[in-house]
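Asker: So the protein sequences, as listed, match chains V and Y. Be aware that the first sequence starts at 132, since it is given in the numbering used here, and climbs by one per residue. Be aware that the second sequence starts at 2, since it is given in the numbering used here, and climbs by one per residue.
Incorrect hints may appear among the rest.
[Said to hold, decoys possible] Over 10 Å on every C-beta distance to chain Y, these chain V residues come out as not near it, computed from the model: (1) 145; (2) 146; (3) 159; (4) 173; (5) 188; (6) 244; (7) 296; (8) 341; (9) 359; (10) 445; (11) 509; (12) 529.
[Said to hold, decoys possible] To be clear about the criterion: a stretch of chain Y counts as covered by chain V if any three or more of its residues have a C-beta under 8 Å from a C-beta of chain V, and this derived list gives those stretches: (13) 46 to 59; (14) 65 to 77; (15) 91 to 98.
Worth flagging that the hints you see were computed from the coordinates, not collected in a lab. Glycine included, C-beta positions come from ideal geometry on N, C-alpha and C.
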Amino acid sequence: MPDSAPVQSFVEQFDALRGELPGAALPWLCDLRAAGIERFASLGLPAPGVEAWKYTRLRPLETTDFLPATAHTVNIDHLPTLLPQGGIDHRVIFVNGRLMQCLAMPGERPEGVELGGLADALRRDPEAVGEHLGRIGAPDGQALLALNTAMMRDGLMLRVKRGVSVALPIEVVYVGAAGPQPLAFHPRNLIVLEPGSRATVVEHHIGLGAGAYFANSGTEIRIGEGAELHHYKIQDEGAEAVHVATQHVHLEANALYDAFTLTTGARLSRHEVSVRLTGPGAECHLNGAYMVRGKQHCDTTTTIEHMAPRTSCREIFKGVIDEQARAVFQGRIVIHRGAQQSNGHQLSKALLLSNRAEIDTKPELEIYADDVKCSHGATVGDLDRDALFYLRARGIPEAAARAILIEAFLADTINEVAAEGLCPALMASIGHWVSSATRRAAS
Amino acid sequence: MGYMLEIKNLHASVDGKAILKGIDLTIGPGEVHAIMGPNGSGKSTLAYVLTGREGYEVTEGQVLYQGRDLLAMSPEERAGEGVFLAFQYPVEIPGVPNTTFLKEALNAQRKHRGETPLDAMEFIKLIRRTIKDLGISDELLKRPVNVGFSGGEKKRNEILQMAILKPTLAVLDETDSGLDIDALKTVADGVNALRTPERSILVITHYQRLLDYIVPDRVHVLAQGRIARSGGKELALELERTGYAAFADAAA
Ligand SMILES: Nc1ncnc2c1ncn2[C@@H]1O[C@H](COP(=O)(O)OP(=O)(O)O)[C@@H](O)[C@H]1O
Ligand SMILES: [Mg+2]
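With the sequences and hints as input, model every part of the structure.
Answerer: Have a look at this one:
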């Protein structure tokens, strides 16, 4: 058994807090938490010996003592919004893992939408939460999700009733407010779309302050028959943050999960998604772009399981890696026996802007059905020198030419985003990163 | 007024292999010169040396553009100063719409010259007028630069860029190859529209055909990395009859 000090420290934190965590009076939740801490203690922190963590080492967790975050407020007038309407959408704000504000457009919130914080939901209607919490997915080996399960306090609770369509996007802002000491928090999100319903959720993770913090989130998503979730995530955590997000998505027949993740932040990040296509005709788009530099480490690990006939997935991740940054892309697609006429398509493309930048790519296809279409590809390269010369020969200065090519490389991932209103903000975010990258290169 | 371009004893190599072996060539303002020559004789190499492509190393000699040291300038400075190359093989740039590219290029050059950038409206007007004059479909503007363009469309696109950027010295590297007669006329019209007493044009071609439409003041034969012969426009007709065999032999 791993007996490392950091594991011990988290276990002690749990023991000290267990009586005051939300739902402490609910036996089922206490059992869930107890099972979580036990599993975490026995698994320990993921180490390189664990196949799924071969390329990512959680060094900051091994060497830094992260204390549990306490309630904290920030001035939300200055929080950026990603949505063009700026303030007329549904907006839920969490600071260090706790609900700070839930603004829903009163006239716009249709009947049959429950939107707010998990802690509130546990107070109001614990049975409804218990129906799903900790039940979606099979997180056997995931130590950090187990830790999240033990320590969770709050997070997004969204439930959309049968046939209801939430027209406006729901923007969820997760603020990591660094303090004088490194802090840890464990947001837990639960999204349940009942059959035939539809919603768009935009997660925006941002950091305030320069210090280290550990944002260890867990997300469970259930998408009922014919329901549709568009799920966009912008991870722009603080420069010293450790961001680990473990997500499980369960889709029923003809459901759609359409996801896009843009990663620019955190010192160390792991975006781990498992999708199970359990009903015929279920479909998943799992796309993303990441841009990292300095000493950033950005890990994208996905598993898509086709468990029923005619299920499909499309997965495209593109990254730009500069300076000494490292990226990891592990994409696993499993087509189970019986999932006939399914198709899976996966592509990983990386642009290395410096000779010290690195990427480790591990695509895995496991196919146990014979009548399927499956493809995957991975490319790693640097900027096209011919294209660079062509642009410069037309008078475009080198830095601007590089910026144009980097943006162009990433732009087509943005075109995959169905919520068109979000595209300008995503492109702006890319443009901002690229122009600061070329400024850094020039200085 | 002095010379537009003076190439003096130019030697250049690629990957350590000498390709240009002492080129002398002088072009005056308002002149059109043609360079002809067999495949592999160094025509494109000369074009790339003039525009500053990396990997093309000048080992000896000098190039003056309007009396200034051209070789000391970066590719973008040369473009800003009015040097333009219509590429033999235009480069595809996925993800960059053709109009965006044209606008970036034009405004970068205007900025270089201390002029104000064109706003979106002014630019659209300019581009509409230009494609109409050249008979280019505006569908080409929306697509990413050269991606999925036919050979002829790529060449027309080079001419479109030239017409928008209005260079002072235009180098056309086999812009005629692979074109049908209509496309060839488009190219020639584009070039002829640019002919003024202040501008100079260097037409690189393998065939005489284009020179029926763009009539040159001087014709030079490049063989084995040197100008093997120079003459008037009648030299092109002679080459059409005799081919390049004589030069290959003579220089070998
Ligand atoms: N990038 C390159 N690398 C190596 N050799 C090259 C390169 N470009 C041109 N060459 C060589 O230089 C010579 C001249 O080529 P080029 O200038 O393209 O001739 P032309 O345009 O007259 O056909 C040829 O022998 C060609 O093989
Ligand atoms: Mg050539």
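Asker: Now, for every hint given, state plainly whether the structure supports it.
Answerer: Cross-check of the supplied hints:
1. For residue 145 of chain V, the shortest C-beta to C-beta distance to chain Y comes to about 48 Å, beyond the 10 Å cut-off, and the non-interface label holds.
2. With a cut of 10 Å on Cβ distances, residue 146 of chain V stays outside the contact zone with chain Y, its closest approach being about 53 Å.
3. Even its closest Cβ contact with chain Y, about 51 Å, leaves residue 159 of chain V beyond 10 Å, as expected for a residue assigned away from the interface.
4. Consistency note on residue 173 of chain V: stated as away from chain Y, and its beta-carbon is indeed over 10 Å from all of that chain's, at 48 Å minimum.
5. No Cβ of chain Y comes within 10 Å of the Cβ of residue 188 of chain V; the nearest lies about 34 Å off, and the non-interface call holds.
6. The Cβ of residue 244 of chain V lies farther than 10 Å from every Cβ of chain Y, with a closest approach of about 38 Å, so its non-interface assignment holds.
7. Interface exclusion of residue 296 of chain V from chain Y stands, the closest Cβ pair being 33 Å apart, more than 10 Å.
8. The beta carbon of residue 341 of chain V sits about 35 Å from the closest Cβ of chain Y, which is more than 10 Å, so the claim that it is off the interface holds.
9. Under the 10 Å C-beta cut-off, the non-interface status given to residue 359 of chain V relative to chain Y holds; the minimum distance is some 28 Å.
10. The claim that residue 445 of chain V is not at the interface with chain Y holds, since no C-beta of that chain comes within 10 Å of its own (minimum 19 Å).
11. Consistency note on residue 509 of chain V: stated as away from chain Y, and its beta-carbon is indeed over 10 Å from all of that chain's, at 18 Å minimum.
12. Interface exclusion of residue 529 of chain V from chain Y breaks down, the closest Cβ pair being 7 Å apart, not more than 10 Å.
13. As drawn, the region 46 to 59 of chain Y meets chain V at 4 residues by the rule of a beta-carbon pair under 8 Å; at three or more, the given contact holds.
14. With 3 residues having a Cβ less than 8 Å from any Cβ of chain V, the region 65 to 77 of chain Y passes the three-residue criterion, so the hint holds.
15. Using a Cβ-Cβ cut-off of 8 Å, 7 residues of the region 91 to 98 of chain Y lie near chain V, which meets the minimum of three, so the contact claim holds.
The earlier numbered hint that this structure contradicts is number 12, and it is the only one.
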